[in-house]
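Protein sequences appear in the order of chains A, B, C and D.
Residue 441 is where the first sequence ends in the UniProt record's numbering, and the numbering goes up by one at each step.
Residue 441 is where the second sequence ends in the UniProt record's numbering, and the numbering goes up by one at each step.
Residue 441 is where the third sequence ends in the UniProt record's numbering, and the numbering goes up by one at each step.
Residue 441 is where the fourth sequence ends in the UniProt record's numbering, and the numbering goes up by one at each step.
Hints were generated in silico from the structure; no laboratory data involved.
Be aware that one or more of the hints could be misleading.
Treat identical chains as interchangeable: a pair holds within one or across any two.
What the hints assert, rightly or not - Simulated pairs of lysine to aspartate or glutamate, DMTMM-like, Cα-Cα distance not exceeding 20 angstroms: (1) LYS384 x GLU342; (2) LYS384 x ASP114; (3) LYS422 x ASP86; (4) LYS384 x ASP53; (5) LYS271 x GLU387; (6) LYS52 x ASP391; (7) LYS422 x GLU387; (8) LYS422 x GLU176; (9) LYS271 x ASP391; (10) LYS384 x GLU335; (11) LYS271 x GLU250; (12) LYS69 x GLU255; (13) LYS42 x ASP114; (14) LYS271 x ASP71; (15) LYS422 x GLU401.
Just so you know, these numbers come straight off a predicted model, no measurement behind them.
There are 4 protein chains.
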Amino acid sequence: MIPRYSRPEMVAIWSPETRFRIWFEIEAHACDAMAELGVIPKANAQAVWKAKDATFDVARIDEIEAVTKHDVIAFLTHLAEIVGTDEARFVHQGMTSSDVLDTCLNVQLCRAADLLMAGLDRVCAALKARALEHKDTPRIGRSHGIHAEPTTMGLTFARFYAEMDRNRQRLARAREEVATGAISGAVGTFANIDPHVEEHVCARMGLRPEPISTQVIPRDRHAMFFATLGVIASGIENAATEIRHMQRTEVLEAEEYFSPGQKGSSAMPHKRNPVLTENLTGLARLVRSAVTPALENVTLWHERDISHSSVERAIGPDATVTLDFALHRLAGVIERLVVYPEAMMNNMNRFRGLVMSQRVLLALTQAGVSREDAYRLVQRNAMKVWEQGADFKTELLADPEVTAALPPAEIEEKFDLGYHLKHVDTIFARVFGADHATGGA
Amino acid sequence: MIPRYSRPEMVAIWSPETRFRIWFEIEAHACDAMAELGVIPKANAQAVWKAKDATFDVARIDEIEAVTKHDVIAFLTHLAEIVGTDEARFVHQGMTSSDVLDTCLNVQLCRAADLLMAGLDRVCAALKARALEHKDTPRIGRSHGIHAEPTTMGLTFARFYAEMDRNRQRLARAREEVATGAISGAVGTFANIDPHVEEHVCARMGLRPEPISTQVIPRDRHAMFFATLGVIASGIENAATEIRHMQRTEVLEAEEYFSPGQKGSSAMPHKRNPVLTENLTGLARLVRSAVTPALENVTLWHERDISHSSVERAIGPDATVTLDFALHRLAGVIERLVVYPEAMMNNMNRFRGLVMSQRVLLALTQAGVSREDAYRLVQRNAMKVWEQGADFKTELLADPEVTAALPPAEIEEKFDLGYHLKHVDTIFARVFGADHATGGA
Amino acid sequence: MIPRYSRPEMVAIWSPETRFRIWFEIEAHACDAMAELGVIPKANAQAVWKAKDATFDVARIDEIEAVTKHDVIAFLTHLAEIVGTDEARFVHQGMTSSDVLDTCLNVQLCRAADLLMAGLDRVCAALKARALEHKDTPRIGRSHGIHAEPTTMGLTFARFYAEMDRNRQRLARAREEVATGAISGAVGTFANIDPHVEEHVCARMGLRPEPISTQVIPRDRHAMFFATLGVIASGIENAATEIRHMQRTEVLEAEEYFSPGQKGSSAMPHKRNPVLTENLTGLARLVRSAVTPALENVTLWHERDISHSSVERAIGPDATVTLDFALHRLAGVIERLVVYPEAMMNNMNRFRGLVMSQRVLLALTQAGVSREDAYRLVQRNAMKVWEQGADFKTELLADPEVTAALPPAEIEEKFDLGYHLKHVDTIFARVFGADHATGGA
Amino acid sequence: MIPRYSRPEMVAIWSPETRFRIWFEIEAHACDAMAELGVIPKANAQAVWKAKDATFDVARIDEIEAVTKHDVIAFLTHLAEIVGTDEARFVHQGMTSSDVLDTCLNVQLCRAADLLMAGLDRVCAALKARALEHKDTPRIGRSHGIHAEPTTMGLTFARFYAEMDRNRQRLARAREEVATGAISGAVGTFANIDPHVEEHVCARMGLRPEPISTQVIPRDRHAMFFATLGVIASGIENAATEIRHMQRTEVLEAEEYFSPGQKGSSAMPHKRNPVLTENLTGLARLVRSAVTPALENVTLWHERDISHSSVERAIGPDATVTLDFALHRLAGVIERLVVYPEAMMNNMNRFRGLVMSQRVLLALTQAGVSREDAYRLVQRNAMKVWEQGADFKTELLADPEVTAALPPAEIEEKFDLGYHLKHVDTIFARVFGADHATGGA
């Protein structure tokens, strides 16, 4: 978690203050449930809520932990200082530290998921707006970095939208994975605490009870969560890479937004670097690096070992904070991306019509020219384009052998962009729904 | 993909024969759809089905590919040899190689997922049966490898069941991720082929049309698929590690099945190695190793580059074949695992009752003994157990200061296993449904 | 980088203060070299050293960076505030930001490597001391977690020593990898700066000039560096796992040190958790997680893109700080590990001599008994041990068919531990040198 | 290991035939050493060499293994069939299977390293040749994909040479890591075999004795080996990515070789895809995927568990075969890469001199123009270039305010490529040695 790649909203989820607040809520709700069951006096349960509006003193808790070497005990000691030692004496009864720690972690992951979802929503909204805006902006499609057939800039935005929309669904499921809590005691048997307490606490904290826990909540849930973040991060890299390509000097079909006042832009107007998307590429690597340790965390010895804990202390904040930042950075880039339709058209025409050679070849054979002859005709005109800088269509129209087979109008038709873009609406309807297919921006 | 860690059913999915069969079906269905649209003659579409029962000659196709350097063209050439060059002349019209390759890959992944699901089903069935069998077999729960509180062997099986059941749900979703096909042409615009063809082919092949493809199906789907396999593999390692621990000499609470005739077992009866579960630990690492390259595959340049292809040629078969084998190996281990309830009881009693010290401590304080005194009483009797090998309960019953506070019957009660196991039914009902909670096997 | 898993010495290397100090030194040395070449006035070069003992004001630099959006420019502006704008006007002349950033990063990595080396030295010293101390402490060797043949605790320490000693050599090479600097300008051509400046700066900073750089120092060096940290971390996990096994309740051959005053130890004397080594297992995962992004960083577009930068901002500090902490934690664990030789002997005797069955079998065949008969004789006595708890040697000595072939003295000899440990000295001489082989601690 | 990405030389190293041949040599040399020590009769040792020229029957060994479930025993049985049961009766005496398996694995890895080194040599030779060929071929240097300052194509080749040369050194060290053997018995104590046997076998097999082994050779060595392969693979991706960029339509500064007969090249002359380098990008991911499991393999339980074995059965062949293939594919690409110097010059001139704006700005200030004025002068001429397609130098020469400060000759000088390339020789001398700096190819 690096300050410059962090948004305060997400950082706050992982602050000690938030953690202690969640711990408090878990303990207080647990007391309520125990009081309800008659296990502890109702007055004591009520007393705990005295701390409801208190600010927990992180420095004080650290001080106690320095002595007790135990974070939950340190917190409980501080809580007793607020609530009163006698009133607080039933707090945590029958519970184990992991009941609090694991339930808290999942609350934090759920909140992190909610923020990430908002980031994805923003990315999707930006992609959709730009897709609709450029639905019909022609652009050359490229396979292997080489010109292939025409497509549109809108389709590029739309496919990233579709990917990010899938990521929304994945994130929703990943959130479901970790939306469980456990208050089940030292080895998960509820020996010293009634399962009702778990049910009550989970309901209050927005979680489901973990059907079967040991001392801890099983870590396959968290592995799935972080694996999903890795997939989302890879999607960010995918979009960022497209933009990096578009901005490179020789392509220059789009640029990250450059504020007018930014220095250097006018003396070296070509030197605007896609640093945000390059940065996103790096951030994607960082988020992905959480996946393997999360998978390694799944295996615990017997009812628990604590190897997973240090990993989660790192990747919990790191992966969510970095991904959150990256999503908003990406959204900003897309929202303000400067698109150059004219440059797209220029690039498409770079080889003066050659991208249409396939269609001409097909048309010639369909007009009855043998495959070999058709190939020869296309080739000799293509070579003039390639070697002498001629225009393909002009050459074809001037080649009597070609026009003998294909009337000029048909040749013209082969260079019609509309042929390639006729199903853009269909695709938009699939991606955004029927109402967005034809309207444009 | 290593023969000794492979099952033929899964290997078959990735054979050239299967691949060519799927290619054929895609091409034949595409012809049907084109004929339906009137784009190609119905007779030609029907003619293609002449190859329906043919066996494609892999060696012949390889031979052609050696010349053409293109696998799909080699296949189409061979298909024409079967169907007739003239009849076959409309096959693949308007399509791009990736239409066939990517749709085929997803068919293979879906079939692989189906086999994996069967493996998971078998694992779950085995875990459930053993869980019910040992629902009430007491065993010491361990945190940090150290004795904590009693649990049961059934709960151990049940928690692995719950994890594997989650893995079933994850696999079902992963299958959904890749259950798409695309017949959309060189850059995904349907320039040369009607979207109806895609719909028809997908319906016939059990897939959904990819809403928006480029030249390829987007690779975030595959990333999610392989990430899910990584989570499942980690779950296998989790269960395997538990068994490895149980079988180690000093614990010996269970053993992988050893056939009676297996040599060496009687001269060195202690030397039965948990080699299957150790092997599963290694196989889990292999399956997991597919996750990162699959994530790296998500980013493609523009409408496609082919960097993903070599990766998938490897991890497609490797990860699914290895995981399939591992699931069945794990199922076999669990089905035949030799469980030693007596050894479990002996291990639990290793410290002659000391695991109950916590309950005694609590009982003393609840009986009005001060916390300090209670601690002192427990400690002095615990130390006799620890240092002199005495029995904890016996010592407590013989300590007048203890019995003054706690009547013998109450002391006896603190050593009652039933206290710890009273909620086993509740947990089983959560995991297996209410009907399995009380009945046993 | 998590405070609780950090040592201040390593954290300091990555502080802004240290970074600015290194930047300053690079710039000042560069001015010296330029003055030497006559490119800038000597007075200006000397003036820069006015800042030698200054403390750079991080808040002020941040403030400037908030405006300029450029960290190096912000630093240079602040430097000019200290040195004097006019005096400082030649600072950084002909250089590019990466010249400073990359050279600084490598200085930091070298310093980090030096600290890590000190950590490895401490680990090695501890392992060596404990190896010599327990050179002759017998312990059962285990394959697959199952008793195999006797070894000694000293050999266990010695093999971890040998591994960590290899890690020292690897780290020394990894440090060499990154001990380069570059002052070569915007694309590495020295267009605006003489190569002599690079040589001078590198010599002063303890680095070698990078033979060929672009805008940046090539990242394969850093990849190798972090990959090496991953190997070292895995070695830590290896040692930690051994200790976790030794401490588990049923084995209990050693324990992490527990201070006498630590609460709970006497009421539940069995409940001492190997939390430090479990923690080390998790920390190892974290350090390893830096390896893949470091490998992904190797590929940069043309003369540089900045995707690597965010990755390094994270893994630079994270991996070195975590590994540094882990090395010292491991050293502390080993230095104070409480070893129980008696428990080791008890565990070895758990099957009352059965581990020697192999030697007896061999002796019988060598004495002329047929392989089948020898097996039968061993087996029938082994079974008494296994099933009735008898002592293997006693049974053999009481079996007339056995004693007919092997005189009692020879049977006795087969149970001699010395047979197994006779080459311990040889191995120690290999690992620690001849002088340590026989002396003991 | 995929046939199409394999070279037979490397595949052969991992064949059963080779493995059995190495096993044989280990066993035969061990017998020699034992005979020398007088432990077994010399005649029996000599007899084993009867199998020296035999071909081991893989099918027969498989057949035996199907019964014995043990590969080494199956081999020894077959060996006895060749040598004679009686003559062979001392083979493997005192040894454990891992002695053979681990020593064999390291022999295979050393041989694999030798082949990989040959591949790296070929890559380096190709890079050096092309570097010398294009030492002075000007090309625009790019940071962030954006034009920066001129460099040369030779420098690009030279930096990949330098990286690959480092990879040679790394590979040499990685080979050293695994060039050890162990013949030390069940737990590494040499209980049943004299250390001399190990020394003898290792000397004969080209290995060093492992100073301290357990049942196995420690796996940190293999981790370092595979981590090094991962770094080399990343270097391949780095070079491949450069070529992919050069070949993209808008850049087209170089192309993978296209044989004249290759179809399609003349009708669509622009459609030559960099499929080899894209493929190399994928292969790099595959090789890298071996790193994490190799790191996870380091931790073994006590004196060994067998979790590492299945991993090595896969990554041993897979990573070496794939990397070997990739190195030769890369070498072929570089050897035959079609370089377009004219296109490089055209790209450099794309913005008609604007890349020199920085030098002009500097020259103006050095000529006494204030920083603000100099910037204004450069900017107004730069804008004509950017917006109206003018030529920068022409505009500057026509701007009286500019020429008032800078005489035309000086302006001309600022556009001199020689300024940028003056240190190319220096860099070449650093990379290739002094003799290659000035001579050219």
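Results for each hint:
1. LYS384 x GLU342: between (25 angstroms within a copy, 19 angstroms between copies)
2. LYS384 x ASP114: Cα proximity of LYS384 and ASP114: none, with 59 angstroms in one copy and 50 angstroms across.
3. LYS422 x ASP86: neither (77 angstroms within a copy, 31 angstroms between copies)
4. LYS384 x ASP53: Neither: 81 angstroms inside a copy, 48 angstroms across copies.
5. LYS271 x GLU387: Between copies only: 15 angstroms across, 31 angstroms inside.
6. LYS52 x ASP391: neither (77 angstroms within a copy, 47 angstroms between copies)
7. LYS422 x GLU387: neither (32 angstroms within a copy, 34 angstroms between copies)
8. LYS422 x GLU176: neither (41 angstroms within a copy, 29 angstroms between copies)
9. LYS271 x ASP391: between (32 angstroms within a copy, 17 angstroms between copies)
10. LYS384 x GLU335: Close neither inside one copy (42 angstroms) nor across copies (29 angstroms); limit 20 angstroms.
11. LYS271 x GLU250: Answer is both: 12 angstroms inside a copy and 18 angstroms across each meet the 20 angstroms cutoff.
12. LYS69 x GLU255: between (53 angstroms within a copy, 18 angstroms between copies)
13. LYS42 x ASP114: neither (34 angstroms within a copy, 54 angstroms between copies)
14. LYS271 x ASP71: between (52 angstroms within a copy, 19 angstroms between copies)
15. LYS422 x GLU401: Neither: 30 angstroms inside a copy, 55 angstroms across copies.
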